[in-house]
Each structure stands twice: as C-alpha cells, then as structure tokens.
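Participant: Below, each chain spelled out in residue letters.
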Amino acid sequence: MKRSGDMREVGRSLPKIDALGLVRGTPAFTDDLAPREALCVVAVRSPHAHARILSIDATAALAMPGVLAVFTWKDVPRVAVTRAGQGHPEPSPRDRFILDEYVRHVGDEAAIVAAETEEQAREAARAVRVEYEALPPVLDFEAALDNPVVLHPEPEIHENFPIGFEPRRNVASAYNMHVGDVDAVVARSEVVLRRRYYTQAQQHVALEPHCACTWLDVHGRLNVISSTQTPWHVRRIMARALEREVKEIRVVKPRIGGGFGGKQMLHGELYCALATLRTGRPAKMVYTRREVFEATNTRHPMRLDVTLGADRDGTLRAIDLEILSDTGAYGEHALTVFMVAGAKTLPLYNKVEAVRFGGRTVYTNHLPGGAFRGYGAIQGNFALESALDELAGELGLDPIVLREKNMIAEGETSPIFAIMGEGTEGVEMIVESCKLPECIRRGKELIGWDAKGPRREVAPGVFRGLGMALAMQGSGIPTIDMAAATLKLNDFGSFNLLIGATDLGTGSDTILAQIAAETLGVSTGDIIVYASDTDRTPFDTGAYASSTTYVSGHAVRTAALKMREEILVEGARSLGCEPARATFDGCEVRGPAGAITLRDLSAKLLYNEHQKQLMTTGSHLCEKSPPPYMAAFAEVEVDAGTGEVKLVDYVAVVDCGQAINPNLALVQVEGGLAQGIGMALWEEVVYGPQGHLRTRDLMSYKIPGREDLPSIRAELVASHEPSGPFGAKSVGEIGIDTPPAAIANAVAAAVGARVRDLPVTPEKVLNALVLA
Amino acid sequence: MNISLELNGRPANWDVEPGEALLEALRRHGVLSVKRGCDTASCGTCTVLLDGVPVPSCAVPAPRADGRAVTTVEGLPDEAARLGACLAAEGADQCGFCAPGLVVAVVAMSRELEHPDEAAINHYLAGNLCRCGGYVSQTRAIRRYLQEAR
Ligand code: FES
Ligand code: FES
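Going down the list, the sequences are from chains A and B. Sequence positions in the first sequence follow the numbering used here and run 1 to 772. Sequence positions in the second sequence follow the numbering used here and run 1001 to 1150.
Please note that a few of the clues may not be correct.
[Said to hold, decoys possible] Straight-line distance between alpha carbons at most 25 Å, and here's what the computed SDA-like set of lysine to any residue pairs gives:
#1 A/Lys646 - B/Gly1127
#2 A/Lys452 - A/Ala772
#3 A/Lys702 - B/Gly1127
[Said to hold, decoys possible] Distance ranges between label pairs, derived from CB positions:
#4 A/Lys612 - B/Gly1030: 34 to 44 Å
#5 A/Arg194 - B/Glu1112: 52 to 62 Å
#6 B/Arg1010 - A/Val218: 27 to 37 Å
#7 B/His1115 - A/Gly280: 54 to 64 Å
#8 A/Pro65 - B/His1115: 50 to 60 Å
#9 A/Ala772 - B/Pro1077: 51 to 61 Å
#10 B/Pro1077 - A/Arg36: 17 to 27 Å
#11 B/Asp1078 - A/Glu245: 43 to 53 Å
Keep in mind the hints are simulated off the structure, nothing from the lab. No experiment lies behind these values; they were computed from the predicted model shown. Idealized CB from N, CA, C, for every residue including glycine.
Please build the complete structure, drawing on both the sequences and the hints.
Facilitator: Put into structure tokens, the structure is as follows:
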C-alpha cells in the first residue's frame, strides 16, 4: 500500500465538501427539509419518575382546533423493541414499546398528539388528561438490584441472546470475565491498591435537537428523514415496532447537527410514523431543548471498583475492575457500554498476570442510558488511569514511568481482545501500530512535564499541577460492523460515490471521497457523494464505535479498486489492446499504441461505443479493531482556599494511524477533548429527590463555552496501521477519553486532593483537601 | 398581526402571532439558516442582526422587528463565503449547525471591534456555542478571516 509520501488526495487537509453550503445556511437539516405542510407531533410527557397510567382522556384535546390525532398505549402495537440503534439482533434488551401503560422517568412519553401547527399540538398536549398512579421510584442505582420496586414486570420484554437480563431483579445486563486467578495474584503482590470511583450522567447536547419527519410517497411507502446516526437500524426497528415490512420504509439521514452517540437511539421517528400512517399526512417532530434533556439519553453513570496488584518496582501484576452501571429506565446500550468500559481500557496494560472484569447494569427511574462518544471507555479510563496515578504515588514513581513500564506495545497482544467484544466475543489481534512512546515523548515536551515538575505554588495558596492519562479506543466492532460503497462512472469523467456511511458533521463524507479519489487517481472534486439513504445507497451499520474511516473507508477503497479494473478493461477495449497491456493513471488509459482520456472514455461508454454503465460496489466487514492511542497532559491551577480548578493547558498527542484528512482528524480530537473536559469539570445531569430533572436547559447544564477552555493543543504522530485503508485507524472517540483522569490527576498533583467522583467540583476538591 | 420589516435588504410584510419569536417567524417564512438550538437564548444558533446589532432571534418577539432591518446569513453571502473558506481551511467546520449564527456574530464583531485579540474574540462570541469542536480551530479561522478582511 502506498504511504503518505506518494499520495495525492489522502493525507491532505482538504476543506469539507459541504463546508460552504452549511456556513451559508443552505437548508440541509431535518427540520429544514420537512414538508411545509407537515403536521406537528408533540408528546405528552410524564411528570412522575415512575407511574402507571390509569386512564387517558383525550376528548378535550381532540376537540381543539387543528388537532388530528391523539395516541395512547392502547392505540399502538404491543411489540417489545429496543430503541438502541444497534445491529440485528440488538445486544440491548427489547424492553420498550412505542407507548406503554407505565412511565419510567420524568419526561417518558405518555401520549402523542398530532396537530396542524406546533402551537396547536402543544396546547392540545396540555389538554390531554392523564390519570397516573404514582409508584415509588428507584433513584439510587446502588439500591436498584433486588429492590422491591421492579421497573420492568411486563411479560413481553426479552433479551435477544444471553446478556444477563434479569428484569425481576432490575438487572438489564450482566457480564463477567477473567484471565488467570486475580485473587491469588493480588494476594502475592507487594502493593495492593483498592479504590472506588464514580462517573456521572452526561448529556450529548448536540446543538441540533433530535428531529424526524415522515410522509407517504407516491408508492405509499413510509419515508423518514431523521437526525440519526443509524438509518438502517432505524428502518429495521421501526418496521418491527410498527408491525410493517422493512421494505415498506425508507430512512434518509440528511446533514445532522452533531450526534456524539445521542442520535444512535430512536426518538421521534416512531411517533411521526403513527401520525402519518393514521392521517396520510406528512408529520414532523422537533424536540425542544428541554425535551432533549428530559427525554433522550445520557451517558451511563457508573460505580467502578478498581483493585491493582503490583510489585515495588512498578510491575503491574493484576487488575480487577468491577462496575455497577445505571441504565436508567431502559436498557439502551446497557451491556455494550458496560463491556467497553473494560474492553477498551484493560488492554492498555497487557502484561499483567491476571485480570478480571465484571458487574451489572441496573434499571432505575432515571433517563435511559445510551451511546455517548467514548461509550464506556471514558468511564473505565477515569477509574483505571486515576488508580494508576494513585499507585504511582504509593510507589513513589513518576506516573509516566509506571505507565511506560506496563503499557502495551507494537507486536504485542492482550487476551482481552479475543474475550471481549461488544455484546459478544471479540477477536484475537496483534497490535500492529501503537505509537504510545512517541505520543508520551511529544506530550511531555509540549506540556513541559520535566521542566515544570508535578506541582508549583504560583501565588499564596494557589498551586499548579500536572497530570496525565493514556487512552485507547477501537476502530469499529469486529465481525459485526459492515459497510458498503458504490461508485458509478458518469459521462465526462466524474463519479457518484454512494455510501451508507453516516456523516454526523465529522467530515466522513469528505474523507471517504478522498479515499475514493486517491484509489482512482482522480481529484476529490470529481467525486460526488451521496450518503445514508436506505433506498438509494448501499448498507452501512452506521456512525458509531469509531468505525467510519476504518470500515467504510475500506469499502470505498474496494469499490474504487474494482472501478479502476473496469476502466482499464473498457479503456483497453476502446484502444484495441489487451487490458494487461493498458495502464490507468486517473487521467487517461494508455495502451501500446495510444491513449484515451477518462473524460472521453466515460462519454463514449454512455453515448457511442460498447455502451454500458460502469458501476462497482465494495463491501467490507470489520475483521479487527485496531485501537487508536493517545497520551494526554493537563495543567491545572487550584486555589486551595476555594477548591476552584482552572484548566490552564491541555495537550493531547494521538496515534490514529495515517490521518486521511489531518485537519478534520485534529478537530475530532479537539471536539472530543472539549466534551471530556466538560465531563471532568462541569457537566452533570442532576435529579431532584423525586426524580425530576434539575438540569433541563443550557443554563442549568453547562457545556464548555469559548471562555472556559484553554487553547487545547492536539497533535497527531506519524503512524501507519497495516490493516487500515491507507494506514488509517479511527479518531472519532478517543479524544474524549482522557480529560477526566488527566484533570483529576493534575488536581491531585497540585494540592494533594484526590477526587474520585466526577465532575471535579470546588466542593469536592475542598472535601478531598480536608481528607488529605 | 402584520409587520413590515427589511429582511436582508428587501422589504417584507409578514403576518405574525403576537407571542411568536422572530426565530419562528423567520423559519416559517423560509429563512432556514436561522436555527433553533435551545429554548433559553443560550446557544447562539439563531443569531441575527437587528438594525445591525446581533441578537438571539429566539428571544426577540417577532412584532419587535416591525419597522426594523433583519439580517441573516442569507444577507451576508460574501462574508459567509470568506469566513466559510477560513473555517474550512482550518477544518473548524464540523456539523455546521452553529455556523450561520456564528457568521452573523463574527460580522457584527468585525464591524464593532477594531483589532480584537483572542480574549476579546472569545468574549464577544461567548454566546455562540459549538459542541463539535474545541473552539481552537474556530478561533484560528476567525482570526484569519479578520486579518484577510482588513
Ligand atoms: S436558539 Fe436562540 S440562542 Fe439558542
Ligand atoms: S460545528 Fe457542530 S455545533 Fe459547531
């Protein structure tokens, strides 16, 4: 495979192909594209954290102007589904219905109203009279297991394959694995560290609220436009929930205003479909920001118990990680997020003699957990990378030295790769690219690790401290993630690239065009991308698990290689020579006695000579999941009097393989870091004593603004992953993983206050100072 | 009620509801660059110029636009193209949902502030949130734009 030196399109920071259109505000998002005459669909939401619906009286609402329909649980198919946009059959329990007799969190849907205008729909929703029998809620996830209050007694719900689903015990999933005898190795270790950490619920806050619209086309098929990361999973799950055939539904993802995992669940699609199927009219549902907060998903909060066994010289001998995860009202992504907390952290320290991982995900009357960038790895990373720092402290070692001594390296493997996948077994894998040593070296240099030392007093009672963390992620889900791409040659030499891949704003349409162009030898400007349409593009599992570059990129490359072949054959035929004697350089096909340009050949092929359409498809099954790696360094300033933490500097150096588009890769890292810093310092979903959300707007839930962040510095190191398209690995998620641990470690270095419970707030710092 | 305004340099005559936000009225009249990202005037995706002053259109009652000039990114095509090119060159544009509002705010800033440094830029644009990037690339792009605009 070619390396970056000889590449023309890959490795270049080309502008995003949709950049100007989006900046100009060209209508491109779901709500921009919804038919003007669409009915507005609005939900009646539960004011209770847990309740049974005794009755719903919609008479008054139905009599109001503009109101066309009201749906209750009695009006919808009783089919258990999961709303997690995952492969088939989903590894999440099917524990949900379009509407149900029970509501399980404040904001859960009790009824659905469709009216001519949004105003009318909202007024009608207020007029729907729902009589609830309030039930005691389960709000403490550490008390959920075997609680007398059972969230999911309904008989129809089920797991699709064994995931440890025990709804009678409030357990959505359970998982346990071990390599070697952890207890014995810990007992033999010279130093043992046992710590408990907590991570909080975080919300995605994509600036575009969730939105869907539906209509019936001239064939009577249900068309759906949705701000989704997984059009094919949405189609399949909708078909099941609505008791329709998959073939009756088309799902299109237009531009979407950020996802971060938050659009890997179904939200308004099913409700719009109810309205359209009942009335025959287009319908749309646009979430308000408050609804996004109250009725979508959060990152799964977790309690993580870590035990490390080590020798005095810093040799790590055993890791034990036991987790209790809160999946809230529904088990969306319950098992898989849980597993990733181990699967994408533990292999970092692959030289241990024994490792154990396990625990449960429990139901509570909180917002459902869901996919969120990092997907468990950030929770696991916070616990593991905090614990390693604490261990370094006990051993009197530099935390970097401790990590360097134990971390994974190129040519090595971890038994965990084979044991743990996402919901199923993983695959064996030798690490073929791992530039952690370079990432660490460069990061140390940028932050000034050696020069500054771990702690300095910069003003009386004000200390600066340095902390760091390593991270890994994956590149797709092996043996599950599949992507396909089709290339079509147009007259006068351009190509349509039809891809199932789902660009969430990350620029994946652009980098996939770059991969096609590089492979064909043409310029990226000659590639016309059309993506994410279940009718018109080939399949793709969707944008999640850091899969698009690595998996969809391969599919594009395969399609382009086949297209090259076809162009050669047709070019040779036109030149009257054997294909073996012809060459194609992206511009022209050259034979022994002459040449024909692609421009002419493509026009001839459609109009004049041996007319035919050249069209090739590549599909790719993810066979392994090479991790990207990162070393990250935080400098904080802590006021020991107030506990206030200011992030002064953040440096992240990443090995993502060959970056297809370095600028876009770096912005992925920067954006991930910003969200990780938000989780480390500010972001937290807070409930009142009865389970009411206290954080339901952008004033009570703080995402980082311009003035909150330091000038984040992200760099990529030179790397090449042999199994990746043009040497690429993934980069979408890894950025988010390090800030919680790196910042907590820096705070501990600065003032000796160890915060083990996110976010790191001034109160917690002060409390920890008292303990220290 | 009926209002007359100047929308992107052209006269417009609209029927609006008394309680309707300018944001909703704009979108209802097909001005779709203006986005709704929140309910609380906190995100900046709906930023427009009202008589040249940047405001969150979600917090402005539509009737208040009566007799005034409203400018959205549709009315700033050259600025949008130039800032867009800078954003794209830095890779700073991701989903683009925040971009139209940001362009409007940056244009207002460039008219208002002489030589804003990074802190002044961050302060002026504090109301324009972006969840996709970490702001650094955006800031680089904005500085580049301001330099080129001079
Ligand atoms: S929609 Fe106006 S500021 Fe958020
Ligand atoms: S680019 Fe997505 S919110 Fe700014």
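Participant: For the pair supplied as a hint, A/Lys702 and B/Gly1127, is the alpha-carbon distance within the 25 Å limit?
Facilitator: holds (13 Å)
Participant: Note whether the CB distance of A/Ala772 and B/Pro1077 lies within 51 to 61 Å or breaks it.
Facilitator: Since the Cβ atoms of A/Ala772 and B/Pro1077 sit about 58 Å apart, the hinted range of 51 to 61 Å holds.
Participant: With the threshold set at 25 Å, check whether the alpha-carbon distance from A/Lys452 to A/Ala772 stays at or below it.
Facilitator: holds (23 Å)
Participant: Starting from the hint 50 to 60 Å, judge whether the C-beta atoms of A/Pro65 and B/His1115 obey it.
Facilitator: The hint (50 to 60 Å, Cβ to Cβ) holds, given that A/Pro65 and B/His1115 are roughly 56 Å apart.
Participant: Is the gap between the beta carbons of B/Asp1078 and A/Glu245 within 43 to 53 Å?
Facilitator: Given range 43 to 53 Å: holds, Cβ gap about 50 Å.
Participant: Just tell me: holds or violated, for the beta carbon distance of B/Arg1010 and A/Val218 against 27 to 37 Å?
Facilitator: For B/Arg1010 and A/Val218 the Cβ distance comes to about 36 Å; the hint holds.
Participant: Does the alpha-carbon distance linking A/Lys646 and B/Gly1127 stay inside the 25 Å limit?
Facilitator: holds (20 Å)
Participant: For B/Pro1077 and A/Arg36, compare the CB-CB distance with the range 17 to 27 Å and indicate the outcome.
Facilitator: holds (24 Å)
Participant: CB of A/Lys612 to CB of B/Gly1030, is that within 34 to 44 Å?
Facilitator: For B/Gly1030 against A/Lys612, whose Cβ atoms are near 43 Å apart, the range 34 to 44 Å holds.
Participant: Assuming the hint says 52 to 62 Å, is it satisfied by the Cβ distance from A/Arg194 to B/Glu1112 or not?
Facilitator: For A/Arg194 and B/Glu1112 the Cβ distance comes to about 57 Å; the hint holds.
Participant: Does the Cβ distance between B/His1115 and A/Gly280 fall inside 54 to 64 Å?
Facilitator: holds (59 Å)
Checked against the numbered hints given earlier, the structure satisfies every one of them.
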